[in-house]
Structures are given as structure tokens and as C-alpha cells.
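Which chain is which? The protein sequence lines are Z and G, in order. Going by the numbering used here, the first sequence opens with residue 1, and the numbers climb by one from there. Going by the numbering used here, the second sequence opens with residue 1, and the numbers climb by one from there.
Rather than coming from a laboratory, the hints here were simulated on the basis of the structure. Predicted model only: the values in this text are computed from it and were never measured. Glycine included, each C-beta is placed from N, C-alpha and C at the ideal position. Any given hint might turn out to be false.
Covered stretches of chain Z (in silico footprint by chain G; criterion: 3 or more residues with CB under 8 Å from a CB of chain G, positions within the stretch not fixed) [what the hints assert, rightly or not]:
1) 26-36
2) 61-72
3) 86-99
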Amino acid sequence: MQADWQYIAVFVALSPIFPLAPVVLNRLLGPHRPNPIKQQTYECGVETVGDTWIQFKVQYYIYALVFVVFDIEAVFLFPIAAAYGQLDLFAIIATVLFIFLLADGLIYAWSRGVLEWV
Amino acid sequence: MNMIIDLLKSLISLSLGDFIRRNFGTGPGTELLIDIGGVVILSTFCLLIVIFLIWLTRKLVARMQDRIGPNRVGGRYGLLQTVADVVKLLSKELIHPSGADWLSYNAAPILTVMAALLVWAVMPFAPGVIGVDLNIGVFYIMAISSISVVVLLLAGWGSNNKYALLGAFRAVAQMVSYEVPMMLALLVPVILARTMSTKGIIDAQNLPFILFAPVSALIFYISTLAETGRTPFDLLEAESEIVAGFHIEYGGMKFGMFFLAEFVNTLFWSGMFVTLYLGGYRIFGLENWVGGDGYPYGRLIGLIAFFAKTFFMYFVYDWIRGTLPRVRVDQILNFNWKFMVPLSLVLIFFVALVDKFIPDTAGTVTRMAIHLTLNLVIAAATLEFLRRRGRQFRQEMSGGDGPGGRETLYPDDHGHGAAHEAPAHSDHGDMPLGGREPIAVPLH
Numbered sequence: 001m002q003a004d005w006q007y008i009a010v011f012v013a014l015s016p017i018f019p020l021a022p023v024v025l026n027r028l029l030g031p032h033r034p035n036p037i038k039q040q041t042y043e044c045g046v047e048t049v050g051d052t053w054i055q056f057k058v059q060y061y062i063y064a065l066v067f068v069v070f071d072i073e074a075v076f077l078f079p080i081a082a083a084y085g086q087l088d089l090f091a092i093i094a095t096v097l098f099i100f101l102l103a104d105g106l107i108y109a110w111s112r113g114v115l116e117w118v
Numbered sequence: 001m002n003m004i005i006d007l008l009k010s011l012i013s014l015s016l017g018d019f020i021r022r023n024f025g026t027g028p029g030t031e032l033l034i035d036i037g038g039v040v041i042l043s044t045f046c047l048l049i050v051i052f053l054i055w056l057t058r059k060l061v062a063r064m065q066d067r068i069g070p071n072r073v074g075g076r077y078g079l080l081q082t083v084a085d086v087v088k089l090l091s092k093e094l095i096h097p098s099g100a101d102w103l104s105y106n107a108a109p110i111l112t113v114m115a116a117l118l119v120w121a122v123m124p125f126a127p128g129v130i131g132v133d134l135n136i137g138v139f140y141i142m143a144i145s146s147i148s149v150v151v152l153l154l155a156g157w158g159s160n161n162k163y164a165l166l167g168a169f170r171a172v173a174q175m176v177s178y179e180v181p182m183m184l185a186l187l188v189p190v191i192l193a194r195t196m197s198t199k200g201i202i203d204a205q206n207l208p209f210i211l212f213a214p215v216s217a218l219i220f221y222i223s224t225l226a227e228t229g230r231t232p233f234d235l236l237e238a239e240s241e242i243v244a245g246f247h248i249e250y251g252g253m254k255f256g257m258f259f260l261a262e263f264v265n266t267l268f269w270s271g272m273f274v275t276l277y278l279g280g281y282r283i284f285g286l287e288n289w290v291g292g293d294g295y296p297y298g299r300l301i302g303l304i305a306f307f308a309k310t311f312f313m314y315f316v317y318d319w320i321r322g323t324l325p326r327v328r329v330d331q332i333l334n335f336n337w338k339f340m341v342p343l344s345l346v347l348i349f350f351v352a353l354v355d356k357f358i359p360d361t362a363g364t365v366t367r368m369a370i371h372l373t374l375n376l377v378i379a380a381a382t383l384e385f386l387r388r389r390g391r392q393f394r395q396e397m398s399g400g401d402g403p404g405g406r407e408t409l410y411p412d413d414h415g416h417g418a419a420h421e422a423p424a425h426s427d428h429g430d431m432p433l434g435g436r437e438p439i440a441v442p443l444h
């Protein structure tokens, strides 16, 4: 068990090296003569107006909210699925109810018009 | 001399770890060394295979579009085209856009590759050839792969560019949405195999799970298309709408890292599809063959089988890329939330229920037949439901007309008196758009 996670730990520790190496190499090999015009924001046609970090469409936020509900609930389904062979009838009924609750959340979101792209 | 032969045989039979344990003893130090070696080999492989994958994709898509594709650099097949591209990227200047958030701008390309590499830790290449067989393997994959969503937002937010931010929002909405059907579809192999370990799922596939759960396989495959942002779900980098999406401000190798992560991810999901539904490295028991001298040579056969299947699935990705156009952002989200999620919920509900009522004494083939029948029934019901809904929608949009909607096509046709005498319910459905005299249908 611990040996398993040792591999993951080694992987996490070593994995930044692989993307960092080419980027650092690029910095060393490529030219580096920055000037203000070169560093301007890239846009098509016209100059940028105002700040980028403004309020954005609330729809994205609502989708993320629906996702969080589903994500957390689906997380609980994985252990149930893995231990499925050992579940008795009561546990199965509980699971079915749980899936109904998941579906109910979707139906609620749907009926409230959350899933409409406006 | 014996040691060299031992080493060579271990190399061929993909059991280098055993070789090290035999010759350097088994201690925590040796295990650490094996782990480091495994990580370095796995990561290097993932990064180098991308050079081949990019060439393959360019060649395949070019052929599908009736072009030749790369054919200059490195012989007539353009084999060194990607190497030349890498060299070009390396010699580019790294520009830091003014006003960009330094930390998130620079961390994003690194993190995206990290996430793309880390998922490979639980990918079973051949019997015994796996980074680590975690008992929560599938769960680990879901956890790590969702990091890339956050990374895209980091990149888009950090760039201080409106197109980049818009692209990042789109990407996050899409990837976050398609994670739900993907997770629900993933539950089906987990229920069938009764384990979350990737190796355990392969061991349970005496018959490939695609025969048990074709609907789940299809949902999973479509979701992976969206997760990796491939066509037809590639609107997170739609050039014609938002220039290039979240990586617009990136150049040189930082851009290269996003590109690399995309290809590594695509290959990973191809491999995962093979692992979950096509039996992974299994090929009629040949993968477990142990040679007379005790070396597990079958591992090499398993590895070849795994990559043959994986590259076939990768080819299907490119095939879809060469076939389908890009969809709209509202279509992409509606398709997910109003079709894929309900379908996968219904699927998981029935699969769980049916699997419980199959007695443990039933053979694999019986179990497969019951599950396959269930899947076919669900698929048929879904198609029939879609057909009816589609007809209903078309009628609502066109006012009782057939496909195409004459009212929307010829909005100014109401006044032509002669046309009003046309039979009210004649079959206009298959009239080609244009070419013939438009027939106005009485709308009231």
C-alpha cells in the first residue's frame, strides 16, 4: 500500500522536470529582446479596450454549480460500484434511491431553466 | 557475461525491475531506484511518442482531406517534420505579454503536462508492466485528469487577453460538463469487474466489456472526445471564433507544452478505452506466456497487443476529426446535459439492477448475453425517443412542416394565392432545398 503511493510520490516529484526542461531550453536557445510593443496583448483588428478581468457570463458559473452537485454525488457511487458484489437488498435499494436523487437534481436544474444557454 | 545475457533477456521480457532486484538485493533503496527508473522511462516514452503521434495525425487527416501532408523533411513520408517543428519552437523567443499574471501564466504549461503524464501511472501496458496498480486506479484517473480543467482556466485567466479568457471559459464549461457522463459511464466497467483497479478490470474481462456494455463504451468515447477537446468538440480553440482559445498568448515551447499535453491525453484516453472495454493487453492468454528459462516473454506480446488496439482507437479519433464539423457551444452543452447525462443515469440504473439479479452461478457468456440485450434495448428505446423528439422539434420550428422548415426557408411566400391551393398534407419532406419552385404550405 505504502509502496504504491511511493511511486505516485516519485512521479509527482519528477514530473515537473519533463515540461520544465524544454521551456528552459527554449529560454536559453531563443532570442530574448523584449520591448513594450512586442509585449502588447494579441488581438485581431482593434486594440484591447479596458481590463480583461471583468465580470463574465453567469451561465458558465451555473454549469459549474450543477457539475459540483453531480461530481460529489458520483464520487460516492464509485465505492458502491466497487463493492457491488457484497451489497444486500437494502443497500441496493439505498443506491437506487441515491441515483434517483441524482436524477432529481438534474430534473430540478432542467425545469428551472438552468440548462438553457442564454 | 551471464549478467549481460540476463539483462538482455530481462529487457526483452520487460522485467527489468526483477533484474535489478535479483542483482542489487531487495531493500527500500532498490525499490526507490526502480520507481525513479520507471517514472523516467514512462515519461520519456510519453513525450517522445508525441513526435510520432503528431506526424501520424497530420498524415492521416491530410489523406482524409485529399491532401498529401508532410512530405519534405526526412524522406518522402516527412517523418522528421515534427522534429523540425520542435527545433523551430525551441528557437522562438518567449514573449511575456504585458499585464499577464506571471505565476499562473507560467505555471499553466508546466501543470498541464504534469497532469497529462501523471495519469499514465496506472495504465497497464502488459501483465506486470504498469507504473503502479492502485486499488483506486479509475478514481485516481478521474482525479488527476480534472486538474487539466483548472489549468486551462489558469492559462486563460493569466494571459490577460479576452479571447484567451473566453476560450478558457468555454473549455471549462465543456470539460466540466462532460466529466459527468464520463464518470457515470466509467461506473459500468467498475460494477462489472467489481474493482476500481485498472489491472483488476482487465483481469475481469474474459470477454471484452464492450460486449457487455456497448452503450457505456459509446458514452465514454464521446466524453473523452470532449475532454481532450478534439473535433467535433474542439470549440475551445475555434480559430474562426476566438482566435485560438486559451493558448493564444503562448508562444515557443510554452505553446508546445499545451500541444504536447493534448496529444498525450488523446493517446491516454485511447489506451484507457482499450483497458476498460477492449480487454487491454489481453490476447487469448498469449500475454501470460512464460519462456522455458523463466522469463515472461508474453509481456512483449501483451505490449504489442495493447498498442495495436490503442493505435486503432487513436485512428478512430483522427477519423472523427477528419469527418465531423465543429458544433456550437449551446449544442455542445445541451447534448451533454439533456442527452448524455440522463442516458448514462438510466444506463447505470438498469445495469446495476440487472447485474444484481444475475445469479453468481451464471457463466460469463450468459451474463454477457443478458447485459448486451439490456444495452440493445436501451439503445433502441433511446433512438426511438430521439426520433420522436426530433420530429416534434422540427414541427415546432417550421409550423407543421417537414424537415428543413419551409416557413423558415421561404418566409415571404405567404401571399402567393395559387400556392395556397396546394394539398395541405402532401409530402414535402424530401424536396431538395432550392432548385424547384417553392411550394407555400397553408399555415393557418
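Structure-based check of all given hints:
1. 26-36: holds (count 9)
2. 61-72: holds (count 6)
3. 86-99: holds (count 5)
Checked against the numbered hints given earlier, this structure breaks none of them.
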